[in-house]
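K.L.:
For reference, the chains in residue letters:
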Amino acid sequence: MGMTIVEKILARATGRQVVTAGEVVEPAVDLAMSHENAALVINQFLEVYKETGLDPAVWDPARVAIIFDHRVPAESPKTATNQKKIRAFVAKHAIRKFHDIRGDVGGICHQILPESGYVRPGFVVVGTDSHTTSHGALGAFAFGIGATEMASVWALGIAVNVEVPATINVNVSGTFPPFVGPKDLVLHLIGMLTAQGANFRVIEYHGSTVTSMSTSGRLVICNMAVEAGATAGIVPCDDETVRYLRDEAGVRDIVHRVLPDPDAVYDQHLSIDVSELTPQIACPHTVDNVKSIDAVEGKPVDQIVIGSCTNGRLDDLAMAAGILRGRKVASNTRMLVFPASGRIYSQALEQGMVADLVQAGALVMNPGCGPCLGVHEGALGDGETALSTTNRNFKGRMGNPNSEVYLCSPAVAAASAITGVITDPRKGARA
Amino acid sequence: MPAVVLTLGDDISTDVIYPGRYMATVLPSETPQFAFADLAGFNTRLKSGEIPPGSVIAAGKNFGCGSSREQAVSTLKGYELTVVAGSFARIFMQNAINLGLNLITAPGFEAAEGDTVEIVGEVIRNRTSGGRFAVLPLPKARQAILDAGGLISYTRQRLLKTLRTTDA
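Chains as they are written, first to last, in our numbering: chain A, 1 to 431; chain B, 1 to 168.
These aren't lab readings, by the way, just hints derived from the structure by calculation.
Since this is a predicted model, take the numbers as computed values, not measurements.
Cβ atoms here follow ideal geometry from the backbone N, Cα and C, with glycine treated the same way.
Any given hint might turn out to be false.
As the list claims (entries may be wrong) - Computed spacing ranges between beta-carbons, pair by pair:
| id | chain 1 | residue 1 | chain 2 | residue 2 | range |
| --- | --- | --- | --- | --- | --- |
| 1 | B | Thr166 | A | Glu248 | 37 to 45 Å |
| 2 | B | Thr162 | A | Ser275 | 53 to 61 Å |
| 3 | A | Asp253 | B | Arg125 | 55 to 63 Å |
| 4 | B | Lys161 | A | His269 | 37 to 45 Å |
| 5 | B | Glu80 | A | Asp273 | 47 to 55 Å |
| 6 | A | Lys92 | B | Lys161 | 44 to 52 Å |
| 7 | B | Asn102 | A | Arg325 | 51 to 59 Å |
| 8 | B | Asn102 | A | Glu51 | 22 to 30 Å |
One chain only, chain A, in its complex shape (with noise of 0.2 Å):
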């Protein structure tokens, strides 16, 4: 009987020839994302070392990340106290895959990680942050835990029983149509399974639409991958894996090519085909509350949003600065762009996108989470509305019960920036 990506880098991660989907397991961690959660980390970490006569050492600090994109700069005199104690802690344990604020190497966590090479295929990869489940689109088991379980990994090296999850399996075919991509999808996936249709289970993404996709594709989709209840998103490591880590993060060494087995055993096998999908929106206040576009076309809206982990990336930034270059932002909404790193919003520089966003009249920020959230930057208004290409919509998300977030893909959101309403990018926008 075949095994599943998951169960392949569960078998490895705990020497063993076979793991099966239901077993408990205690993988070795290969990478231990935190950013300013780590603060809280840091307590428990403490916590677990206390009375017992030994000096608290992280198990492994070259396998340990800290990135600090929450909220950057700080916001609070809070918030830059914690960050200063997150860097004394850095500096005492020599975690060197530190990333303070900075305009070069800094930026948000689940670009970073990509970015600089940190991530392989066949990785366990756990984080203090439920969208590192994007690090599947390299191939690797990623996954959200809460900070004590963190704590637990600094201290032992492991996660400490792990049911190994089962997995759906998700075929996709066909070419995208124009101005829609895989935030389209992903969307549409959500609207098919349910907020919590994937709970528990990871979802194996297959098919000629997936190995056409960008690595900046796939981590939108699996992204997302929580948005359903998924463990865990992931894409199977082919050439294109291999061209990004080579081509965009400078990884040098040998990249194993973990996949799943032709006979593996899946617990459910869903097929989508792109090739009619519709721009699609999240509507307000669930991730799976996803329409087309018509549905919802011509609302009115207060402030759109570019960024953010799921789509702050170059080809994001590029599609909407070739939508607004010499357009201008309706004077009845405000736009914000949040690139997902700085080496991106370098990037966007260089190539001039920076300036038609500007020009246009959309600010464009520094990289980080903070209006995704609600926690720093951008607060909407009692009756607002938000148009974003961020990945949450719940109730208060952007900061403001008394708000509306309604979720969408960049073409979207650029389009609609020009217009002050939802609007279709296929109706009229130029790419």
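Let chain A serve as the given structure and place chain B on it in line with the hints.
P.N.:
Same frame as chain A, but now just chain B:
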């Protein structure tokens, strides 16, 4: 006999349980003040101390979906609340086990605010309505952590055991 103090629907996210704007507050001793901060009435009742430990939040499916923020658990643990839901999101459930927040999975559980409930064996009974609902056991992987009194003490035990093995 514990009473139901709040009823909620499906897909209650951690943004509702503990809004993101309070995430700079991390310590379990400080997070309870922001529990359900956007449900101002309930938050006020919690902070007033009128809700006794063991009181029940009744919810539908997929309680705790969304962000991995552990504050969403520590904020409820601070009041020793019990959450009875049709199902729980994975990370929230694991965080709850790690910190010792009492979760009960009871598909189809129905209750109104003020109802009293009791758990007998593998059944939760709504004493006010007379309804009885099966309680599903926790995933088997979780029991060892509960038995140890939470993940911190579990990890401490494992760490000491590993060192003893290494020394021997």
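K.L.:
Please go over all the hints and tell whether each is borne out by the structure.
P.N.:
Structure-based check of all given hints:
no. : hint                              : verdict
1   : Thr166/B <-> Glu248/A: 37 to 45 Å : 41 Å, holds
2   : Thr162/B <-> Ser275/A: 53 to 61 Å : 54 Å, holds
3   : Asp253/A <-> Arg125/B: 55 to 63 Å : 60 Å, holds
4   : Lys161/B <-> His269/A: 37 to 45 Å : 42 Å, holds
5   : Glu80/B <-> Asp273/A: 47 to 55 Å  : 51 Å, holds
6   : Lys92/A <-> Lys161/B: 44 to 52 Å  : 26 Å, violated
7   : Asn102/B <-> Arg325/A: 51 to 59 Å : 56 Å, holds
8   : Asn102/B <-> Glu51/A: 22 to 30 Å  : 26 Å, holds
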